[in-house]
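So the sequence lines, in the order shown, correspond to chains A and B.
Under the numbering used here, think of the first position of the first sequence as 1, with each following residue one higher.
Under the numbering used here, think of the first position of the second sequence as 1, with each following residue one higher.
There may be inaccurate statements among the hints.
Which bits of chain A does chain B cover? Going by a derived footprint, with three or more residues having C-beta under 8 angstroms, they are [said to hold, decoys possible]: (1) 242-256; (2) 301-310; (3) 404-417.
Residues of chain A clear of chain B, computed beta-carbon distances all greater than 12 angstroms [what the hints assert, rightly or not]: (4) MET1; (5) HIS17; (6) ALA23; (7) LYS30; (8) ASN56; (9) ASP98; (10) MET112; (11) ALA130; (12) TRP189; (13) VAL213; (14) ARG399.
I should point out that these hints are in silico values taken from the structure, not numbers from a laboratory.
Ideal Cβ positions, reconstructed from N, Cα and C, are used throughout, including at glycine.
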Amino acid sequence: MQKYSVFNLIKNAFSGHQNWEVAWKDPTPKKSYDVIIIGGGGHGLATAYYLAKEHNITNVAIIEKGWIGGGNVGRNTTIIRSNFMHDANGRFNEFSMDLWRNMSQELNFNVMFSPRGIINLAHSDAQMNAYARRGNSMRLNGIDAVLLNREEIKKIIPMADFSDDVRFPIFGGLMQPSAGTARHDAVAWGYARQADSMGVDIIQNCEVLGFDVVGGKIKGIRTSRGDIKAKKIGLCVAGSTSILAEKLNMTLPIETHLLQACVSEPVKPLLDHVVTFGAGHFYCSQSDKGEMVMGGDLDGYNSYAQRGNLPTLQHVLTEGIAMFPFLSKLKMLRTWGGIMDMSMDGSPIIDKTHIEGLYLNCGWCYGGFKSTPASGWTFAHTIAQDKVHKLNADYNLNRFSKGYLLDEKGLGTKTWIS
Amino acid sequence: MLYIKCPYCGIRAQTEFAYGGDATVKRPELNKEITDKEWDEFVYLRKSLRGKHLEFWHHISGCRQWFKVQRDTATHEIFKTLKPHEEL
Chain A
1 MQKYSVFNLI KNAFSGHQNW EVAWKDPTPK KSYDVIIIGG GGHGLATAYY
51 LAKEHNITNV AIIEKGWIGG GNVGRNTTII RSNFMHDANG RFNEFSMDLW
101 RNMSQELNFN VMFSPRGIIN LAHSDAQMNA YARRGNSMRL NGIDAVLLNR
151 EEIKKIIPMA DFSDDVRFPI FGGLMQPSAG TARHDAVAWG YARQADSMGV
201 DIIQNCEVLG FDVVGGKIKG IRTSRGDIKA KKIGLCVAGS TSILAEKLNM
251 TLPIETHLLQ ACVSEPVKPL LDHVVTFGAG HFYCSQSDKG EMVMGGDLDG
301 YNSYAQRGNL PTLQHVLTEG IAMFPFLSKL KMLRTWGGIM DMSMDGSPII
351 DKTHIEGLYL NCGWCYGGFK STPASGWTFA HTIAQDKVHK LNADYNLNRF
401 SKGYLLDEKG LGTKTWIS
Chain B
1 MLYIKCPYCG IRAQTEFAYG GDATVKRPEL NKEITDKEWD EFVYLRKSLR
51 GKHLEFWHHI SGCRQWFKVQ RDTATHEIFK TLKPHEEL
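Please work from the sequences and hints to get the whole structure.
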């Protein structure tokens with residue numbers, strides 16, 4: 001594989017950048033593989049990469065219905081954080097943070113990881129108490145957390161609404177300084193390029209039509225490009241999980257819902273952090289191009305549409321303007337939507353299934369992007385060793401029937417409200 | 001914007017309504033011994049269909065009645081609305 005470096009950049013300049021190697025190949029599917037990963041998004045590509053790198057399993061195919069990185073890894077608002085209260089979520093996402101910190105070097109691809117810090121604003125004394133509790137839990141798990149009062153917040157984000165007569169005055173906030181953002185497309189491309197270089201077949205425009213299960217054991221898949229056999233199959237398809245689960249006669253504790261995001265026209269740098277509104281659901285950061293990147297609530301009803309509806313966008317941006325009044329002066333540049341695999345307790349599932357050789361990775365709700373490296377790493381471990389790692393042991397499928405829910409926000413099973 | 005026909009009030013804008021989830025989920029009978037599996041199915045497991053989906057809506061900023069809607073989850077086309085006791 002050709003290394004990306006300043007020397008190669010100069011060398012290729014002499015030939016007008018016409019002779020760069022392709023970043024990944026476009027192979028024809030083989031008859032059989034050791035492992036097939038269904039879904040060429042961030043999590044699927046990361047899984048294939050860690051299967052090859054950590055477990056030396058390279059006879060692997062990624063099967064993608066569309067093009068790699070065309071789903072939620074290219075549609076999210078790029079926020080990376082580990083500000084969780086529950087031990088299992090904190091441990092898992094802090095492990096993810098460690099992988100993020102070294103990702104550009106490891107993948108030889110600049111993912112532009114920018115640990116600029118995230119601030120969750122609080123708008124009442126009760127919310128400050130809740131944030132103090134969450135911050136303490138984070139620090140007990142070795143995650144950085146700082147509780148800030150109103151004056152400290154005002155120094156960091158003076159453009160927020162600090163006037164006295166507002167409906168939701170800013171009391172303070174909880175900050176995780178090591179949180180941040182990354183360039184989401186680069187994450188998909190970086191993992192794809194490295195996985196391809198180690199022998200993984202990335203097969204795009206290939207839809208999974210069905211599964212071959214014999215005697216409770218997975219044997220292969222039927223696709224729009226022919227039948228492919230495999231010893232092990234990993235499902236990594238986010239919002240499409242229920243569609244494939246139906247083909248396997250499985251019913252899962254998830255529902256697919258639509259989440260929108262939008263960016264404004266670009267403006268000069270003014271927001272140095274990721275900031276979330278605490279009296280509703282709105283978050284905002286500024287991209288390197290200067291656009292304000294924003295998101296918030298789900299559209300609120302089951303949806304596979306991959307495009308949103310205006311009432312929700314209006315509601316979300318109303319919250320945004322309550323927090324940052326200057327947003328009302330900006331024009332929206334783009335809006336888009338992605339379909340989320342909302343789990344019934346808000347936490348993901350990375351587990352084996354009742355079918356031997358079939359592994360499940362789903363339930364990422366809003367927050368799949370930040371977990372991409374840890375999800376790939378633990379899913380690769382689960383597939384390669386045929387057992388869960390201690391990092392994803394609590395993300396098991398039977399926690400629902402057993403009553404061991406991981407409900408970080410305490411919201412319950414109405415997934416469209418959360 | 002979706003336009004939903006409330007069976008009691010007629011066609012109104014989506015913003016008057018609140019969603020209530022899958023209407024095909026059946027609560028296990030009261031005062032009957034039920035297994036963990038039955039309870040799991042009722043509380044947590046959802047088909048989450050792509051295509052025609054029967055769901056509850058609540059006319060929360062209107063007549064405050066609950067009713068059922070058959071809607072396509074990919075196109076959002078609404079085929080039919082029913083009173084809660086009515087079947088398709």
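Here's how the hints hold up against the structure:
Residues of the segment 242-256 of chain A lying with their CB closer than 8 angstroms to a CB of chain B number 9, which satisfies the three-residue condition for coverage. Counting residues of the segment 301-310 of chain A whose beta-carbon sits less than 8 angstroms from any beta-carbon of chain B gives 7, enough to reach three: the coverage restraint holds. Using a Cβ-Cβ cut-off of 8 angstroms, 3 residues of the segment 404-417 of chain A lie near chain B, which meets the minimum of three, so the contact claim holds. With 12 angstroms as the threshold on Cβ separation, the claim that MET1/A sits away from chain B holds: the shortest Cβ distance comes to roughly 38 angstroms.
With a closest Cβ-Cβ approach of about 41 angstroms to chain B, HIS17/A is found to remain outside the 12 angstroms limit, as its non-interface label requires. Look at ALA23/A: its CB is around 32 angstroms from the nearest CB on chain B, clear of 12 angstroms, so calling it non-interface holds up. No Cβ of chain B comes within 12 angstroms of the Cβ of LYS30/A; the nearest lies about 30 angstroms off, and the non-interface call holds. Distance check for ASN56/A against chain B: the nearest CB is about 36 angstroms away, which clears 12 angstroms, and the non-interface claim stands.
For ASP98/A, the requirement that its beta carbon stay farther than 12 angstroms from each beta carbon of chain B is met, with the minimum near 32 angstroms. Against the 12 angstroms criterion, MET112/A stays outside the reach of chain B, whose nearest CB is about 34 angstroms from its own CB. A cut-off of 12 angstroms between C-beta atoms confirms that ALA130/A is not in contact with chain B; the least separation is 26 angstroms. The Cβ of TRP189/A lies farther than 12 angstroms from every Cβ of chain B, with a closest approach of about 28 angstroms, so its non-interface assignment holds.
The claim that VAL213/A lies off the interface holds: its Cβ sits roughly 19 angstroms from the closest Cβ of chain B, which is beyond the 12 angstroms cut-off. A cut-off of 12 angstroms between C-beta atoms contradicts the statement that ARG399/A is not in contact with chain B; the least separation is 10 angstroms.
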